[in-house]
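With the hints as constraints, model all of the structure from the sequences given.
One-letter residues, chain by chain:
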Amino acid sequence: MGFSFDPYSPAVDSDPFPLYKTLRDEHPCFWSEEAGMWVFSRYADIVTALNDWQTYSSASGNLMTELPNRAGSTLGTTDPPRHDRLRGLVQHAFLKRNLEALGGPMRDIAAGAVAELRGVKQFDFINDFSSKFTVRVLFAALGLPMGDEQTVRDKAVLMVQSDPVTRAKGPEHIAAYNWMRDYAAGVIAERRKHPQDDLISHFSAAEIDGDKLDEMEVLLTTTTLIMAGIESLGGFMSMFALNMADYHDARRRVAADPKLIGDAVEESLRFNTSAQRFRRRLQKDVAIHGQTMKQGDFVCLAYGSGNRDERQFQNPDAYDINRKPKGHLGFGGGVHACLGSAIARMAIIIAFEEFFKVIPEFHRVQEQLPWMPSSTFRSPLRLELAAG
Amino acid sequence: MPKITYIEPNGNESVVDVPEGWTLMQGATSNGIDGIEAECGGSCSCATCHCYVETHADKLAAASETEEAMLTNVAAERRPNSRLSCQIKAIAELDGMVVRLPAAQS
Ligand code: HEM
Ligand code: FES
Numbered sequence: 001m002g003f004s005f006d007p008y009s010p011a012v013d014s015d016p017f018p019l020y021k022t023l024r025d026e027h028p029c030f031w032s033e034e035a036g037m038w039v040f041s042r043y044a045d046i047v048t049a050l051n052d053w054q055t056y057s058s059a060s061g062n063l064m065t066e067l068p069n070r071a072g073s074t075l076g077t078t079d080p081p082r083h084d085r086l087r088g089l090v091q092h093a094f095l096k097r098n099l100e101a102l103g104g105p106m107r108d109i110a111a112g113a114v115a116e117l118r119g120v121k122q123f124d125f126i127n128d129f130s131s132k133f134t135v136r137v138l139f140a141a142l143g144l145p146m147g148d149e150q151t152v153r154d155k156a157v158l159m160v161q162s163d164p165v166t167r168a169k170g171p172e173h174i175a176a177y178n179w180m181r182d183y184a185a186g187v188i189a190e191r192r193k194h195p196q197d198d199l200i201s202h203f204s205a206a207e208i209d210g211d212k213l214d215e216m217e218v219l220l221t222t223t224t225l226i227m228a229g230i231e232s233l234g235g236f237m238s239m240f241a242l243n244m245a246d247y248h249d250a251r252r253r254v255a256a257d258p259k260l261i262g263d264a265v266e267e268s269l270r271f272n273t274s275a276q277r278f279r280r281r282l283q284k285d286v287a288i289h290g291q292t293m294k295q296g297d298f299v300c301l302a303y304g305s306g307n308r309d310e311r312q313f314q315n316p317d318a319y320d321i322n323r324k325p326k327g328h329l330g331f332g333g334g335v336h337a338c339l340g341s342a343i344a345r346m347a348i349i350i351a352f353e354e355f356f357k358v359i360p361e362f363h364r365v366q367e368q369l370p371w372m373p374s375s376t377f378r379s380p381l382r383l384e385l386a387a388g
Numbered sequence: 389m390p391k392i393t394y395i396e397p398n399g400n401e402s403v404v405d406v407p408e409g410w411t412l413m414q415g416a417t418s419n420g421i422d423g424i425e426a427e428c429g430g431s432c433s434c435a436t437c438h439c440y441v442e443t444h445a446d447k448l449a450a451a452s453e454t455e456e457a458m459l460t461n462v463a464a465e466r467r468p469n470s471r472l473s474c475q476i477k478a479i480a481e482l483d484g485m486v487v488r489l490p491a492a493q494s
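Chains as they are written, first to last, in my numbering: chain R, 1 to 388; chain W, 389 to 494.
To be clear, the hints were calculated from the coordinates, so they are not data collected in a lab. One or more hints might be untrue.
Derived EDC-like pairs (lysine to aspartate or glutamate); straight-line CA-CA distance at most 16 Å [as the list claims (entries may be wrong)]:
1. K477(W) / D405(W)
2. K324(R) / E425(W)
3. K96(R) / E425(W)
4. K324(R) / E266(R)
5. K391(W) / D483(W)
6. K259(R) / E353(R)
7. K326(R) / E425(W)
8. K326(R) / E427(W)
9. K326(R) / D422(W)
10. K324(R) / D422(W)
11. K326(R) / D263(R)
12. K447(W) / E481(W)
13. K477(W) / D446(W)
14. K121(R) / E361(R)
15. K477(W) / D52(R)
16. K284(R) / D297(R)
17. K96(R) / E427(W)
18. K121(R) / E384(R)
19. K284(R) / D52(R)
20. K21(R) / D317(R)
21. K324(R) / E427(W)
Ranges of calculated distance between the beta carbons of each label pair, as one might list FRET restraints [to be verified]:
22. A11(R) / G409(W): 33 to 39 Å
23. A175(R) / N469(W): 52 to 58 Å
24. V486(W) / Y319(R): 33 to 39 Å
25. V486(W) / Q291(R): 35 to 41 Å
26. R82(R) / G409(W): 17 to 23 Å
27. E456(W) / K284(R): 29 to 35 Å
On a predicted model such as this, the values are computed, not experimentally measured, just so you know. Where a beta carbon is used, it is the ideal one built from N, C-alpha and C, also for glycine.
And the structure:
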């Protein structure tokens, strides 16, 4: 039987890395029958594709399994110049220097969430810490009205999943997405009536040179921001907690010297980013590694594989917080590189500074983790940790 | 591949073959050259990939509006030859180009 790579299989959800290695070494441009697309797995090929948005377009969707109507209407699913215009409108709020005011509230949220774990012997990191933290931080950052946090979080997590059997979004995933769109529409309408000094008020009224966003762009970009903000941040925080639980020396060094958290976060983004695979669509034929890909074909960019490419990173399967892995693909790269990278870095560092103060020593309880079924993202659904 | 020379703040010079179409920022970060941070990954939203263009300036397209705006945020002194290295793509005409990296990016 020939080699296969099926991003819908539970095996890829739980451990894609051995398959990635075969892809890189033997099939650097691989046609995945199951995904119905090509797969790029080497660092250099992914970087080349990210630089060439004219050829590798996002306008037909960037999630491996796309949600209805997103293509062409959000930051992640448009090409320049439309993309740059949308990004120009929201980018300002996400620049590092404009995030400083959020530092205090973030720290209070983190300290409050971890205080509930004081003296607790065993807990689910996701349910009992990271989901509370991320949803409250995102509500504060975007100016969302408090009250619906838990539902919003549950829907955000559900909408990025896909059904492993049908290899598509199931009715429950679409329903979660529709719920989120309606929720976003409600918030936008409310902010239009009563504008405040928050991102959604600014964004829904934003104008550049007299050019306003249309309703669909406001709505779907807001929906994407909520989804990306909550799900991506929470998913990655659980991967970072997992790395800290598994690599005892790294955890002890970081807990003893919180200034190292930033370096450890960068290494975790390289080692196992939660954002494993995104896709692009070819605008012209491309011949590479002995294959000819046709205009209209989709190509998966396996960031998680590029980050383990021995052609770029020495000893790539070792988790090494001294590495300082510049140029990693944990946040993607090029024009579509993550809009939230600065707020995500800041939030994770603050969250773990507070977490380590209360729980400096911890280890994993489950031997096997339940992994989220998703063709794009990778993170556990539950992460049981024991303190001490 | 165009050869690009990066001069780090300590005077270290590295000559890198940058694949055509890659940015000067990627040429540096993928080759372990210190002096470029590139926090935003090349989306022109961090200004930590600042460089001074020493040669080949006439071969470069002018900075976009976004780059101009972001250049006001560089940590080191902004000079007339300041550019963001994630906005310069390596092309054959830039073979032999020299860029100098500032003492601070953030
Ligand atoms: C550690 C957490 C996070 C990770 C690992 C992550 C990862 C990524 C990746 C890999 C991309 C590129 C997608 C592509 O290539 O098509 C991306 C794009 C994006 N991310 Fe994140 N993200 C995180 C947190 C956030 C947060 C907190 C927000 C918002 C508040 C956010 C908003 C976005 C948006 C809007 C885009 C699309 C940007 C564009 O296309 O211009 N992300 N993210
Ligand atoms: S890498 Fe961020 S502006 Fe160039």
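Going down the list of hints, with the structure as the test:
Our distance criterion of 16 Å between C-alpha atoms is met by K477(W) and D405(W), whose separation comes to about 13 Å. Distance hint between K324(R) and E425(W) is fulfilled; the C-alpha atoms sit about 11 Å from each other, no more than 16 Å. Distance restraint check for K96(R) and E425(W): the Cα-Cα separation of roughly 14 Å lies within the 16 Å cut-off, and the hinted pair is therefore satisfied. Taking the CA atoms of K324(R) and E266(R), the gap is about 7 Å. The hint holds against a cut of 16 Å.
Of the pairs offered as hints, the one joining K391(W) and D483(W) holds, with about 5 Å between alpha carbons and a cut-off of 16 Å not exceeded. Taking the CA atoms of K259(R) and E353(R), the gap is near 9 Å; set against the 16 Å cutoff, the hint holds. Under the criterion of a C-alpha separation no larger than 16 Å, the hint pairing K326(R) with E425(W) is consistent with the structure, at around 7 Å. The hinted pair formed by K326(R) and E427(W) meets the criterion: a straight-line CA distance of about 9 Å does not exceed 16 Å.
Distance restraint check for K326(R) and D422(W): the Cα-Cα separation of roughly 9 Å lies within the 16 Å cut-off, and the hinted pair is therefore satisfied. A C-alpha spacing of about 11 Å is found between K324(R) and D422(W), which places the hinted pair at or below 16 Å, so the restraint holds. For a cut-off of 16 Å, the pair hint linking K326(R) to D263(R) stands: about 11 Å separates their Cα positions. Annotation: proposed proximity of K447(W) to E481(W) holds, straight-line Cα distance about 7 Å (limit 16 Å).
Taken as a hint, the K477(W) and D446(W) pair is honoured in the structure, with Cα atoms around 14 Å apart against an allowance of 16 Å. A hinted pair counts as satisfied when its Cα atoms are at most 16 Å apart, and K121(R) with E361(R) qualifies at roughly 11 Å. A C-alpha spacing of about 10 Å is found between K477(W) and D52(R), which places the hinted pair at or below 16 Å, so the restraint holds. Note on K284(R) and D297(R): the hinted pairing holds, with a Cα-Cα distance of about 9 Å set against a maximum of 16 Å.
Between K96(R) and E427(W) the CA atoms are separated by roughly 10 Å; this keeps the pair inside 16 Å, and the hint holds. Between the alpha carbons of K121(R) and E384(R) the distance comes to roughly 11 Å, so the proposed pair stays at or under 16 Å and holds. Among the hinted pairs, K284(R) with D52(R) is consistent with the structure: their alpha-carbon atoms are about 12 Å apart, no more than 16 Å. Restraint check: the Cα-Cα separation between K21(R) and D317(R) comes to about 10 Å, which is no more than 16 Å; the hinted pair holds.
As the CA atoms of K324(R) and E427(W) are separated by approximately 12 Å, the hinted pair is consistent with the 16 Å bound. Here the CB-CB span from A11(R) to G409(W) is close to 34 Å, well matched to the stated 33 to 39 Å. Against the hinted window of 52 to 58 Å, the Cβ-Cβ separation of A175(R) and N469(W) comes to about 55 Å, which satisfies the hint. The supplied range of 33 to 39 Å is met by V486(W) and Y319(R), whose beta-carbon atoms lie about 37 Å from each other.
Between V486(W) and Q291(R), the C-beta spacing of about 37 Å keeps the proposed range 35 to 41 Å intact. Between R82(R) and G409(W) the beta carbon distance is about 22 Å. The supplied range of 17 to 23 Å therefore holds. The supplied range of 29 to 35 Å is met by E456(W) and K284(R), whose beta-carbon atoms lie about 31 Å from each other.
Comparing the model with each numbered hint stated earlier shows that all of them hold.
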